[in-house]
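Peer 1: Residues per chain are reported as follows:
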Amino acid sequence: MDLKDKLISSFMAFENKVDVEHPVHDIRSEAIKNFEEKGFPSKKEEAWKYTSLRSLQKVDFSIFPKESNTLEYKEIKKYFLHEIDTYKIVFVDGIYSSFLSETTHDGVDICLMSAALTKPMYKQVIDMYFNKVASKEESLTTLNTAFSREGAFIYIPKNKMPRKPVEILHFSTGNEASIMLQPRNLIVAEENAELQVIERHQSLTSNEVLTNCVTEIFAAERAIVDYYKIQNDAKTASLIDNTYIDQKSNSVVKVHTFSFGGKLTRNNLNFYQNGEYIDSTMKGVTILGYKQHVDHHTLVHHIEPNCESHQDYKGIYGENSTGVFNGKIIVDKIAQKTNAFQQNNNILISDKATINTKPQLEIFADDVKCSHGCTIGQLDEEALFYLQSRGIPKKEARALLMYAFANNVLESVRITELKTRINKLIAEKLGVRLGFDL
Amino acid sequence: MAYTEEELKKELETKEYEYGFYTDIESDTFPVGLNEEIVIAISKKKEEPEWMTAWRLESFKAWKEMVEPEWANVTYEKPDFQAISYYSAPNSKPKYDSLDEVDPELLDTFKKLGISLDEQKKLAGVAVDIVMDSVSVATTFKKTLAEKGIIFCSISEAIREHPELVKMYIGSVVPQRDNFYAALNSAVFSDGSFCYIPKGVRCPMELSTYFRINQAGTGQFERTLVIADEGSYVSYLEGCTAPSRDENQLHAAVVELIALDNAEIKYSTVQNWYPGNKEGKGGVYNFVTKRGICHKNAKISWTQVETGSAVTWKYPSCILKGDNSIGEFYSIAVTNNHQQADTGTKMIHIGKNTRSTIISKGISAGKSQNSYRGLVQVNSRAKNARNFSQCDSLLMGNECGAHTFPYIEVKNKTAQIEHEATTSKIGEDQIFYCNQRGIETEKAIALIVNGFSKEVLNKLPMEFAVEAQKLLEISLEGSVG
Numbered sequence: 001m002d003l004k005d006k007l008i009s010s011f012m013a014f015e016n017k018v019d020v021e022h023p024v025h026d027i028r029s030e031a032i033k034n035f036e037e038k039g040f041p042s043k044k045e046e047a048w049k050y051t052s053l054r055s056l057q058k059v060d061f062s063i064f065p066k067e068s069n070t071l072e073y074k075e076i077k078k079y080f081l082h083e084i085d086t087y088k089i090v091f092v093d094g095i096y097s098s099f100l101s102e103t104t105h106d107g108v109d110i111c112l113m114s115a116a117l118t119k120p121m122y123k124q125v126i127d128m129y130f131n132k133v134a135s136k137e138e139s140l141t142t143l144n145t146a147f148s149r150e151g152a153f154i155y156i157p158k159n160k161m162p163r164k165p166v167e168i169l170h171f172s173t174g175n176e177a178s179i180m181l182q183p184r185n186l187i188v189a190e191e192n193a194e195l196q197v198i199e200r201h202q203s204l205t206s207n208e209v210l211t212n213c214v215t216e217i218f219a220a221e222r223a224i225v226d227y228y229k230i231q232n233d234a235k236t237a238s239l240i241d242n243t244y245i246d247q248k249s250n251s252v253v254k255v256h257t258f259s260f261g262g263k264l265t266r267n268n269l270n271f272y273q274n275g276e277y278i279d280s281t282m283k284g285v286t287i288l289g290y291k292q293h294v295d296h297h298t299l300v301h302h303i304e305p306n307c308e309s310h311q312d313y314k315g316i317y318g319e320n321s322t323g324v325f326n327g328k329i330i331v332d333k334i335a336q337k338t339n340a341f342q343q344n345n346n347i348l349i350s351d352k353a354t355i356n357t358k359p360q361l362e363i364f365a366d367d368v369k370c371s372h373g374c375t376i377g378q379l380d381e382e383a384l385f386y387l388q389s390r391g392i393p394k395k396e397a398r399a400l401l402m403y404a405f406a407n408n409v410l411e412s413v414r415i416t417e418l419k420t421r422i423n424k425l426i427a428e429k430l431g432v433r434l435g436f437d438l
Numbered sequence: 001m002a003y004t005e006e007e008l009k010k011e012l013e014t015k016e017y018e019y020g021f022y023t024d025i026e027s028d029t030f031p032v033g034l035n036e037e038i039v040i041a042i043s044k045k046k047e048e049p050e051w052m053t054a055w056r057l058e059s060f061k062a063w064k065e066m067v068e069p070e071w072a073n074v075t076y077e078k079p080d081f082q083a084i085s086y087y088s089a090p091n092s093k094p095k096y097d098s099l100d101e102v103d104p105e106l107l108d109t110f111k112k113l114g115i116s117l118d119e120q121k122k123l124a125g126v127a128v129d130i131v132m133d134s135v136s137v138a139t140t141f142k143k144t145l146a147e148k149g150i151i152f153c154s155i156s157e158a159i160r161e162h163p164e165l166v167k168m169y170i171g172s173v174v175p176q177r178d179n180f181y182a183a184l185n186s187a188v189f190s191d192g193s194f195c196y197i198p199k200g201v202r203c204p205m206e207l208s209t210y211f212r213i214n215q216a217g218t219g220q221f222e223r224t225l226v227i228a229d230e231g232s233y234v235s236y237l238e239g240c241t242a243p244s245r246d247e248n249q250l251h252a253a254v255v256e257l258i259a260l261d262n263a264e265i266k267y268s269t270v271q272n273w274y275p276g277n278k279e280g281k282g283g284v285y286n287f288v289t290k291r292g293i294c295h296k297n298a299k300i301s302w303t304q305v306e307t308g309s310a311v312t313w314k315y316p317s318c319i320l321k322g323d324n325s326i327g328e329f330y331s332i333a334v335t336n337n338h339q340q341a342d343t344g345t346k347m348i349h350i351g352k353n354t355r356s357t358i359i360s361k362g363i364s365a366g367k368s369q370n371s372y373r374g375l376v377q378v379n380s381r382a383k384n385a386r387n388f389s390q391c392d393s394l395l396m397g398n399e400c401g402a403h404t405f406p407y408i409e410v411k412n413k414t415a416q417i418e419h420e421a422t423t424s425k426i427g428e429d430q431i432f433y434c435n436q437r438g439i440e441t442e443k444a445i446a447l448i449v450n451g452f453s454k455e456v457l458n459k460l461p462m463e464f465a466v467e468a469q470k471l472l473e474i475s476l477e478g479s480v481g
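Line by line, the protein sequences are chains A and B. For the first sequence, the residue numbers in the working numbering are 1 to 438. For the second sequence, the residue numbers in the working numbering are 1 to 481.
Isolated chain B (complex conformation):
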């Protein structure tokens, strides 16, 4: 029997957020509110050295003077920063030597997420650092990595054990005062991942972090710092989920990438925070600052698949400081129901012969709003800078919106900049063509969307590409009507 659009619509409406479950793990949560004491308490809890506490307090001071930005093309109820708990840690022993020691219930959570640690260990060869409600729970494959001299641990551990590295690089790409949420994060970040690849080392496996907000009324503020020393290579994956909740949860992360001379960092994100229900209630506010700096001949490549969050506000950027450095940005942003996304990138060309590529695919369905906002800046000394940008939007249904705000600022005559953008819908003829060959409408749409986003999906590591494809299907099922 033919699967009609009506049925499809119904199915979609009743479809619940797949990752929406809540694990009852006792957790150690701070009282709500934010003041200096809380900042100091977080720092103390993490057994941080004094310089770190001072750094946090400095950020907090800066944050107090800042106002929340309003320029993004999104509307939302501003979070009440005094009604959030800034620290929530699963209440188990802080360190594990083997998986057996981990709270079995917690392990169950990860199994549901489809990232059971043991399976991952065996099959995927992915080293996973899991951050659940802001605290890093386990880092697998640590020993294998240690042999190569690679440091991959939680940021709190790094602050304790590798203070010289952290001190040197933290805040060097995203300064404390960079923006409202970066300042907030700098003051209260509770955990995150830290990664250092020594000179000339090619990281043998994909490094991965999984973020999850579990506890109600908590905000997640993780901090990621990836340093690729001269001539090294690393591919880093990041995944995010949160259980369904009615109230809006806040996620304000900061990611800093440093690619020293000849180094290469590939950073991939699959973000699937809870997007809220179909009336637009609940969901995660995803206000993230991600930025990388490229030294000579270095390369940073951002790939992101954004399907979740009620409101997304995110611009992974590259500062192409060194000569011959390369920045890349590949993005798929899918919004459905009442989701809003304002995402894009910044490519700042400072060095000579720098190159950047931007491929952004926006897909909006339901009543969602999807914006691309990007900046390509060529400074007067950046000779022979080259940029290619392409942002395409696909609209499904007549209640959604697609917007593009590309800023291009060029101060050097040798620059070559190309920018193109298109907006269209899925062609009826394309669907008809598929139908005619016995492919049902739903499948046809999936096929077309996949084709539309192929350029970006291809950039994802294998394991993620499969997941991302599935996510695209889930987010868009039946949204053409």
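Just chain A, with the same shape it has in the complex:
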């Protein structure tokens, strides 16, 4: 039985586990119908031209995790940003681990999707925001919607700001042969609210994992949201990450994506600017090796005038890895005075690595400043020679140059400890100890 049939038949079993009377269930039923009709996207679709999901569909994933898998904190401590205090929402094989987590209801709500979907006190928020910006057409998003039950739920009321950043961690233990996880996150920042989130998916074994994650982020007037995605998973873990962001006037949302690991990673990052004077930033560093495949798909839809968007993606591709970047900017007719910038720079360090990039602009307004730039090249031989002539070994010299290449993406990371952590990850990925304190 292929994965699609399995998922559709599992939906009935899933219905026994959730409250089918709840209005959210109508959304789920609608969503599964869409998925049933469309199925998994194939390479024939323009958006999936360079990424094939065929091999994943052949894996016999278990859809529902066993009820209890526990982990010791010390086993997984290194995956936390343990240098500073954070709120933590931790899932083990898709099940919430209250033992490892630290949630709050003190002024702000940092808790669980399952709670939000069932408790009456959250009904209003769910009615207002759940599945409101996520696509109702895109098949993998609707697949997630159909099985949406668990994930992170963060609600920051007007003029509030949580005392510390929030970490969302998904662990898979590999106690089952192969597992498919479908976390669903909802993040709402009301007027003037501010929030920082770090999200990470981590597989702890070499068993196959497929995560199809959907995150909806709503930033109301003047809200500020910083979202960091760390993708440094095991070589057998695949991730399809769909993020939908709805911004209102004067809000600022920044999404940083650090892709260093995993087998197949697909990031669908969608920004919808529903207001004026909005600032949307998406930045990414991708460093790949082995046979890894990362596909970044971004969409910025400029719907109202006077907004800005900034994109900066850097990629370093080694061995047999493949990188894809597809950045789409749509500027509507009324969205005059839009400034949209997009930059995608890549370094290929192996003959077997491939990069496919397609920066795309669709512009219907005339008074705009839009640009995109894209480069593919190598390390500068002269710079390398300069460093070597000063006694820096070739390997370190190369790493230094690559580090410098990726560095300006890190500049906008506002959590110092996170920046340090990512620097370490980069150094690790490049296989060197950089001679300065990161």
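The reader is advised that the hints may include incorrect statements.
[To be verified] Calculated pairs, SDA-like style, for lysine to any residue (alpha carbon to alpha carbon, straight line, at most 25 Å):
no. : chain 1 : residue 1 : chain 2 : residue 2
1   : A       : K328      : B       : E409
2   : A       : K328      : B       : E442
3   : B       : K296      : B       : V201
4   : B       : K367      : A       : D332
5   : A       : K49       : B       : S380
6   : A       : K49       : B       : Q416
7   : B       : K383      : A       : E381
8   : A       : K337      : B       : E420
9   : A       : K43       : B       : T357
10  : A       : K337      : B       : R381
11  : A       : K352      : B       : K352
12  : B       : K321      : A       : D351
13  : B       : K352      : B       : P204
14  : A       : K369      : B       : E442
15  : A       : K43       : B       : P69
16  : A       : K328      : B       : Y169
17  : A       : K49       : B       : R381
18  : B       : K425      : A       : Q343
19  : A       : K369      : B       : L447
20  : B       : K383      : A       : D367
21  : B       : K425      : A       : D367
22  : A       : K38       : B       : V67
23  : A       : K352      : B       : E70
24  : B       : K425      : A       : E362
25  : B       : K278      : A       : G318
26  : B       : K352      : A       : D367
27  : B       : K346      : A       : G373
No lab work stands behind these hints: they were computed from the structure.
Dock chain B against chain A, hints included.
Peer 2: Below, chain B without anything else, positioned relative to chain A:
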């Protein structure tokens, strides 16, 4: 008195397509529809050898199995392929030894087009092959060229007289099954130009073809084949016009360029097919497949100025097969009113040290949509490939759209690819600056647009550059509002 924008707008709206006239020449037109008999009849009419008929039928068979592509960023009513006449020839004697024998009315047409043959002969030094409703009418300067061993004639003549060359190269760059329109063209092409430059010869003059669709309800399917043998050079010009008509006419051409070792081909197009009226009615569908192959150290340079057609769908491409070969693409695409253009290029790097440059300038005005769609592909063996692409769009008015779809696929670490694109409008400060110095708005716009497209205009041969500049002005007059 100051020339206000209102007046300008009015003038533009009432401005008719300059080349819109219809010459009443008796012509020999086939019944509408397409089937094997028609394909055979076309072949027979052209007195073609058997292999050519077979080749056409093979293409027709392939075409029947294909479906019309829909991926382009254009919307249009699909042509009914059974409602088109696939052959229409001006009904005069098929060959002329001198201009005197040509139907005077036909000569008048060309005079109106501004390419009177005798004038051309004397002044421009351009050898012209004119294809009117798909049949090649006259080739001037044939004798001068023949002395150098250059063959420049209609493709039907080439099929009859130089079958070995045609057989060897036709379909070698654009195979019959390449795409829907290429297959259709391969089956029913009625004429076109053929050019062969022998080894080491530098063609002494610009070669030129003029295409024109005259008869109503006909499609034009011409086929151009240019072969530059080792170490030769040719510059080839192509111009296109059609009279105004209400229904949409179809133009599906195939151009194949072959640049053998050390050869260079420069191919320039000024396309000004009828774009339809200001409500978007009528106009030509321009679905063209153009591709060239470069062998060792060869160079192909495409330059195009696209101002006409209701719908344009065109990607002049270079296959850089030989080591050290060079591909260039310079394009200006202007769309106004309801025109739609989806145009760009493909640069396929296969050989080592191959280089390509893409400069594309899109200008959209009125309610038009202008897309750049390009592919730069570096294969795993293409060491030290180099590409620079730049696509800039200029928007005039808030009802038009500019789109870019650049695909970049790289499989070699030594490749160096740069791509940049910008979209903006004409700056008010720029216009103000000109106004302040006594240059009226309309002139100022022309000046700015010319500056914007200068890089491409500079690549055109002299005679064409002047015409192209004029065309830009006509297409854009008063479109800033």
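Peer 1: State for each hint whether it applies.
Peer 2: Status of the hints after comparison with the structure:
no.	hint	verdict
1	A:K328 with B:E409	holds (17 Å)
2	A:K328 with B:E442	violated (34 Å)
3	B:K296 with B:V201	holds (17 Å)
4	B:K367 with A:D332	holds (14 Å)
5	A:K49 with B:S380	holds (19 Å)
6	A:K49 with B:Q416	holds (23 Å)
7	B:K383 with A:E381	holds (16 Å)
8	A:K337 with B:E420	holds (20 Å)
9	A:K43 with B:T357	violated (29 Å)
10	A:K337 with B:R381	violated (44 Å)
11	A:K352 with B:K352	holds (16 Å)
12	B:K321 with A:D351	holds (19 Å)
13	B:K352 with B:P204	violated (31 Å)
14	A:K369 with B:E442	holds (23 Å)
15	A:K43 with B:P69	holds (17 Å)
16	A:K328 with B:Y169	violated (40 Å)
17	A:K49 with B:R381	holds (22 Å)
18	B:K425 with A:Q343	holds (21 Å)
19	A:K369 with B:L447	holds (21 Å)
20	B:K383 with A:D367	violated (41 Å)
21	B:K425 with A:D367	holds (6 Å)
22	A:K38 with B:V67	holds (22 Å)
23	A:K352 with B:E70	violated (33 Å)
24	B:K425 with A:E362	holds (15 Å)
25	B:K278 with A:G318	violated (53 Å)
26	B:K352 with A:D367	violated (43 Å)
27	B:K346 with A:G373	holds (18 Å)
Of the numbered hints stated above, those contradicted by the structure are hints 2, 9, 10, 13, 16, 20, 23, 25, 26, listed in ascending order.
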